[in-house]
Amino acid sequence: MNKQRNKIKIHVLPDTLANKIAAGEVVERPYSVVKELVENAIDAGANRISIIIEQGGKKLIQVIDNGYGMNGEEIPLAFARHATSKIKSIQDLDQIDTLGFRGEALPSIASVAQVEIKSRPKNEHLGTVYTLNGGKDGRLKKLAANVGTSISVKNLFFNTPARRRFLKSDASEYQKIMDVLKRFFLAYPHIHFEFYVKDRQVFNLKATDLGQRVQSVLGQTIFKGLLPVNHSLGGIELSGFISRPDVIRKSRGHQFLFLNGRPIQDKSLSHAIFQGYANLIAPGEYPVYCLFLEMEPNLVDVNVHPTKMEVRFTNERSLYYFFINSVHKTLSQEGVIPEFHLGPSGGAVEKTTTEASNQPREIINELRHRHSSMARYAGAQLSLTYFSPDEESKKEKTSPEPMQEVPPTLSNPAVDLSQDHYARVDVQFWQIHNRYILSEIKSGIVVIDQHVAHERILFERISKQLQKGQQVYSQKLLFPQKITLAYDDFMIFKQIYEVLNQIGFSIKVFSGNTIVIEAMPADVKVGRESQILLDIIDYYRNEPLKDFNHLEKVAAAYACKNAIKSGEKLSQAEMQTLIDQLFACESPFFCPHGRPIIITIDLEELDRKFKRIP
Amino acid sequence: MNFTVTRNDFYKTLQKVINVIPTKTTSEILYNVLLLAEGNQLKIIATDLEITQIAWTSCQINKEGSVIVPGKLLLDIIREMPEIDLTFEVDSNFKILIQSSLGEYKISGQGKTEYPSVPLVESDDKLSLKNSVLKRMIEKTIFACSTDNLRPALTGVYCQILDEEYRMVATDGHRLVRMITTDYSNPGFTTDIIVPTKALTFVARNLPEEGVQKIVLSENHILFELPGTKIYSRLIKEPYPDYERVIPADYNKEMIIDKTQFVSSVKRVSLFSNPMTYQVRLHLESTQLSIHAQDIDFGGEANESIPCQYNSEALDIAYNANYLADILRHIDSEKIRLMVEDSDGPGIIFPTEQEEKEDILMLIMPVRLNN
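As you go down the protein sequences, you meet chains A and B in turn. Using my numbering, you'd call the opening residue of the first sequence number 617 and step up by one each time. Using my numbering, you'd call the opening residue of the second sequence number 4 and step up by one each time.
So that you can see chain B by itself, here it is in the shape it has in the complex (with noise of 0.2 Å):
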């Protein structure tokens, strides 16, 4: 194998992949990356098994063939270099010989052999959505899936392809996000997945502003195809829990309270809540909503009243402030509207005006109150 390649082309493309790979795995194999020379096309493989991008870019091939080699070494060397024309020559027992104007290289490589194959994703299960779309979505709802394997559905985001509506759902129990656009058109089909959260984020990463997603699905896989790079990923095949059960459908009790000013209170005050648990308790008044934070161990405590507008008897209820912060930071616009029912049940938290075609709904599970 024999190809010269600019060091922006190589560096540019090495970095779409390279936060792939896993910072630690019991398969050493994981650490490389694949190069591999076609046609007048140098690709770039990482893969954690759970997840494999491909980036590419031309340049010249002088001998086809295939290599890999450390991730991040790689990285590290190419980093550190000015503009100039890199050539690759690696022997037949994977001997790397890196060339350029600066100096030479040389790096031990393995074959491909040993190296995990990309999965093949065909299918004629295609969906298109816009980049901006598809962006502001996984942006506002992977921030509330769960970290923790006991549940692996909830460490994905639930997408749902209907008819009408693309909706993305994402919850840890303890809160919930269900985001739903109507821009979009149906592929002709109906379906519904769990994708892992990480590699949304490697999508979300990838993608450009302007233009239109291609999403490809087939029985274990999602295959995200974009400029310059492919994502593929395996799903997650879980059962995921009836998320519009728990979402109450009418409630009694609103109150409409400005968002930076109930963010940065919510802030302020969460200091003074014990560190185990950061719960902050509200208390909602027909003008004003008054948070409150106690730590009982160290005896810090703090009080705050922020104007608001409350439509019913007085009511207290704690949240998290972690979770609260989490999803006020997540609306957009100056003012949010939280329902409740009583302090013993889910608050739900809305945008005052929704985007266009877009429907954001946020769900938070208060913590009981007793003493």
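Just chain A, same shape as in the assembly (with noise of 0.2 Å):
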């Protein structure tokens, strides 16, 4: 059934043939000759790196560093097979420090491409240019040169014709080429990197610390989301970036990770950093980050694959740990706060950030009530006016305005703005299509989601009482209300029902699927008793809030469904009790699924958009 192989004795393959089998795996795609190449000039030292292509890289990729250069008789050698400079002995593999060592990249290269190197060491005057053809026909001539090597690759593919047609459009092989540059980008701040699509500059970054780096990679947009990363744990260092959890990606597209300088992709760790931000991001959402990893390369194996993307740890379980604690500590300190940006910025320009607007602390200063210890009665007091009787009974007996607006009950807990005085509030709200509230800060201007406001405080309240068994509310009811559940809504409620009892539900089980609520948590709006219950099933049973525990899935649930909808028109009293009570909360500028309650839009941003700066 096979064709007759047989026949055909066994034999050493011929090194042209080796390499381009190798070139297989190390030379997939223009941007692996890219890494390549630009991980050859940083190992031979250079602090300045430039980068042309054209073509998506499949007719030129050049890159010209100023390092240390090779002479007339190490360049031919470096065409060779596992020649290198990098590793002399078995021994210097566990204590690898450079990003090359295999010494299977340039030869693999030159197998299927036509490559010119020109090169001059710093200690001679002229320098070398060498061309191959394909891996072949290999030419050396001497001729003036810079310091440092410039290594072109031409027509990439150009003798094995099933890759060339593998190969996808230009853009598509751009943004790879981006991809990979930018983790160079990243990784060395103290390189002066410029990068070239044919004569176009598309970066020029000039040699600086990391912080000014991101910034310029990533753009000014997401660098300001940014939080500064720097744990340490017994010889392994953490330093870098993390986003916000509200500057997330729907990829991995801006996630950054490296070890000793060298990118990496590790799904474990990568991992860890998701389950760092807990809650607050949804699975299918990528926060954006850039940290460095440094620790021994003896405790580290990247001799995993060809393109070193892979490595192994050897303490592992650890390491998992320590990004799960430097990502949680980081997002829990203070400067997490989401700003509203009215147009596109940011990109490569540099631009001047304002500082006032990324102090948390103060705009719960500045919106709480001033005299603090005031704060939450004059809210109180402004809620009990409705339980006054004079008032009431009088505008009912001698209906003085016939305008005014008649509650449909005397017992309506409307409370109008004329009452403002009594609260003393210093600060204004408003809302705004009875979803949003709105109010002026010194930067700006804050606006607030009052439903995920409120399911925030409702989710820490209940947490706090499942964890610490604070004192939970249950209203008992007058007519306990029996309800049928079908049948899949029964198994739910069986999961959860012990937990729904802790929080303030009293619920039996009458019989078969029919259930009996007899109490409820004293902040449930009366008349909404089964309704809520059913709400709850629902969500628990469809959020896939995969990073939850039991008891946070069913706190989620019930403060997203007892809490305040959009819609629902809010008092200055109830607007202000709610932002009193938000900024009693441990993190008030998330809700439980990471959506942001609170946005800041800049003054400046303002004046931008009215044009009165430029």
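These aren't lab readings, by the way, just hints derived from the structure by calculation. Where is the CB? At the ideal position from N, CA and C, for every residue including glycine. A few of these clues could be false.
Said to hold, decoys possible - Simulated pairs of lysine to aspartate or glutamate, EDC-like, Cα-Cα distance not exceeding 20 Å: (1) Lys1084/A <-> Asp298/B; (2) Lys1181/A <-> Asp245/B; (3) Lys270/B <-> Glu1184/A; (4) Lys75/B <-> Asp12/B; (5) Lys945/A <-> Glu1202/A; (6) Lys1098/A <-> Glu222/B; (7) Lys1141/A <-> Glu344/B; (8) Lys233/B <-> Glu222/B; (9) Lys133/B <-> Asp186/B; (10) Lys1185/A <-> Asp151/B; (11) Lys1098/A <-> Asp245/B; (12) Lys27/B <-> Glu690/A.
What the hints assert, rightly or not - From the derived model, a few chain A residues whose C-beta atoms are all more than 12 Å from chain B: (13) Asp659; (14) Lys770; (15) Tyr790; (16) Ser886; (17) Glu901; (18) Ser934; (19) Tyr937; (20) Ile1073; (21) Arg1077; (22) Leu1094; (23) Met1136.
To be verified - Cβ pair distances, simulated, as ranges: (24) Lys1080/A <-> Thr263/B: 33 to 43 Å; (25) Glu337/B <-> Lys1141/A: 30 to 40 Å; (26) Ile87/B <-> Lys1227/A: 48 to 58 Å; (27) Asp1151/A <-> Glu222/B: 27 to 37 Å; (28) Glu117/B <-> Thr837/A: 48 to 58 Å; (29) Ser948/A <-> Glu337/B: 51 to 61 Å; (30) Asn152/B <-> Thr837/A: 43 to 53 Å.
Reassemble the complex: the two chains are provided individually, in unrelated frames, and hints are given to aid placement.
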């Protein structure tokens, strides 16, 4: 059934063919060439590297560095298989601190492209140029050259048409190359990088510090949403930036992890980072990060795969928890407040940032009652005015203002704005579209989402009640509600009903799928008893709250379903109470799902929009 | 259509019905009132589809007819006028010209074909009640109704016409009021209906102090015939919960306390309660009642003690302060009687002295205490 192969004898492959095969692993697409060449440039101690590509790297990839350079004898050797300057002995393999070491890259690349390399070491006057065509016909020539090495790779895969056909469009190869380059840009802020697509300069990144570099590579917008990380644990150091939970992406494109300067990918660690965000971000959302892990080279094996993107750690487990903790600590520190941007901004453009809005606690102080001791009691007083008997009944009798809107019942707890003077409200709130609360702070405007704000308040309170066994208020019902649940609802109910009873429900199973609600948490609106239970069941079933434990999930369901809805009108006093309570929360800036609760709009942003400032 | 009316007559009539106009509605037509000139009477009608109110005044009709016109606009014009004569002239395109000695106003009206018709309430089921009794019963009950539409039955007052007595009951599921009067004569039938609170609010506002109220009941509507106005309301056709079952028959624990002291104390202490739950805790002892509230989130706390007479061993019971104060302020007597079984069961509140031919009972469900 097979072709007759057995007639062919076993023989050693010629080098050119061996290199071509190896190229399959090392040189996958243009970006791999870029990666190998830039690595070499970095290993050569360059502090200025230029990268030039044409047609997504298919036509030309050129990397120019000012590193050590090679002399006429070294160059041809560099293209021999397993020739490297980077390691000498097997011992060195445990102490790898250069990027390349396998000695495979150059011969592999050369075997599938037309390569020209020009180089001059510092101590020589004349440089050397060496050309190869598909790894063959090596020609050496002396000529004048700058110190360092310039290597150009032309017509990649010109001699392997099958591979060439698999290359994608220029644009998508370009994207891949950008991804690779960004990693280098971020990993080596002290190296001056220039990147040209044909004649157009895309990046010109002068040597600087990490912060500046991150800002120019990822853009101003993202940079403003990043938090610095700096943690260490027994010789392991983690530094860099992670994004606030609202600066998330739908892909991993903005996640950078470096191990001793080498960009790596590690599923376990990236999962650890995700875990560090706890429930602040949803699955399918990816935080932005740029993290540098420094550790002894002998604690890690980077020789797992030719592309060296994967590594193996000896102490993987403890590293995992170290990552979770570091991210968590960073996030729980203050300084976590989302900002609102009215238009596209950022990019690699330098811009001055305003400091004021990055002080979340200041916003809190501004929005809370300034007489802090009076704070909530002013609000409470307002809410009590509605059961002062005289006022109400007088209104009823004399009906002084015919135009006045008469509440449908005497007990309507509405508190109108005219009573503000009771409250000494010194911060004004506006409700827009019965959905957002707007207020003014020194540096601009804050916008608060009323639903998620209340959700956060309830979530924290319920969590506290569950964890610390705090007082639970449970309003008994005059008419216990009998509900017959659908079977699948009932199954969910059975899972959660003990927790529900802990947070103030009192529900008994009557018979079969029929349950009786006898009491409710005291803040559930009258009449919503059965509805809220069904809502909670649905929520519990449908929300993919993977990172929540059972209690948290019930708490989240309750918080979401019992919170003030978008569209509910709030009085001035209710808004004040809401905001006071919000800022009494431990993390007032994000709802349990990680959606922002508060955003700020800078005056400067507005000024720019109105063209007051350029 | 053409009529002349004095400003005061027109204003008073319009004012009676104006509150029926809904503040927000998807049906634009409801922002209008219907003016109807017939015989020597001007009728003004407003409706929100649930409640329809008609008010009338005598005036000089030059030509009969009808028009609908934006109610609040009309009121705003008339309100600022002194007592003068107004002549309304409406042409065939329903352009309204209002003339007075001050000047003239032109408003665009519409034909009445679009306007919802007044419900027909024809029935022999008629009930008479003293105005003073009806008004008092409305005022004492409607505060306890639910405002939430999820359980429509509780958004109205349950009225029972029984052989010997007339009852009104209101509850929102957390508190309940039951008021019974025997100052009434049975109309020859018994029935029970649920009347929307909003309608009762309008009725209470239009009721004169003296006289007797006539109520007509049909299958789906109730009609209150008041001096100068008629209020029609749709009835809530939902089963009312069996409230009698939840009112316990007897109690062994009883506290008697000064109402004014109790109300003020609850109000003061509740300032320190959690603003979400308004929970206040009562500690009952034989000679004194302690009221306590605490807000864990903000660290506020309050404690007060007032004298009382209590006949049993010490008991802790917690209530929503708003419900409690609501109930207390609707009781007239100097002292009140609070009866409870245990801290988990309903509390029943009575005036120590009931008014003549009247029986009022209020019930409040506790907030369960557990740590």
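Tested hints:
1. Lys1084/A <-> Asp298/B: OK: lysine 1084/A and aspartate 298/B at ~16 Å, within 20 Å.
2. Lys1181/A <-> Asp245/B: 32 Å, violated
3. Lys270/B <-> Glu1184/A: 27 Å, violated
4. Lys75/B <-> Asp12/B: 17 Å, holds
5. Lys945/A <-> Glu1202/A: Within the cut-off at roughly 14 Å; holds.
6. Lys1098/A <-> Glu222/B: 29 Å, violated
7. Lys1141/A <-> Glu344/B: Violated - the C-alpha atoms of glutamate 344/B and lysine 1141/A are around 26 Å apart, more than 20 Å.
8. Lys233/B <-> Glu222/B: 18 Å, holds
9. Lys133/B <-> Asp186/B: 8 Å, holds
10. Lys1185/A <-> Asp151/B: 14 Å, holds
11. Lys1098/A <-> Asp245/B: 14 Å, holds
12. Lys27/B <-> Glu690/A: Distance of about 87 Å is beyond 20 Å: violated.
13. Asp659: At roughly 59 Å from the nearest Cβ of chain B, aspartate 659/A sits farther out than 12 Å, so the non-interface label holds.
14. Lys770: 70 Å, holds
15. Tyr790: 54 Å, holds
16. Ser886: 38 Å, holds
17. Glu901: Nearest chain B Cβ is 31 Å from glutamate 901/A, so the label holds.
18. Ser934: 38 Å, holds
19. Tyr937: 33 Å, holds
20. Ile1073: Non-interface label fails for isoleucine 1073/A: nearest chain B Cβ at 8 Å, not farther than 12 Å.
21. Arg1077: Since the minimum Cβ distance to chain B is about 8 Å, arginine 1077/A lies within 12 Å and the statement is violated.
22. Leu1094: Leucine 1094/A is in fact no farther than 12 Å from some Cβ atom of chain B, at 5 Å.
23. Met1136: 9 Å, violated
24. Lys1080/A <-> Thr263/B: 33 to 43 Å: Holds, since lysine 1080/A and threonine 263/B (Cβ atoms, about 38 Å apart) stay within the stated range.
25. Glu337/B <-> Lys1141/A: 30 to 40 Å: 35 Å, holds
26. Ile87/B <-> Lys1227/A: 48 to 58 Å: 55 Å, holds
27. Asp1151/A <-> Glu222/B: 27 to 37 Å: 36 Å, holds
28. Glu117/B <-> Thr837/A: 48 to 58 Å: 54 Å, holds
29. Ser948/A <-> Glu337/B: 51 to 61 Å: 57 Å, holds
30. Asn152/B <-> Thr837/A: 43 to 53 Å: 45 Å, holds
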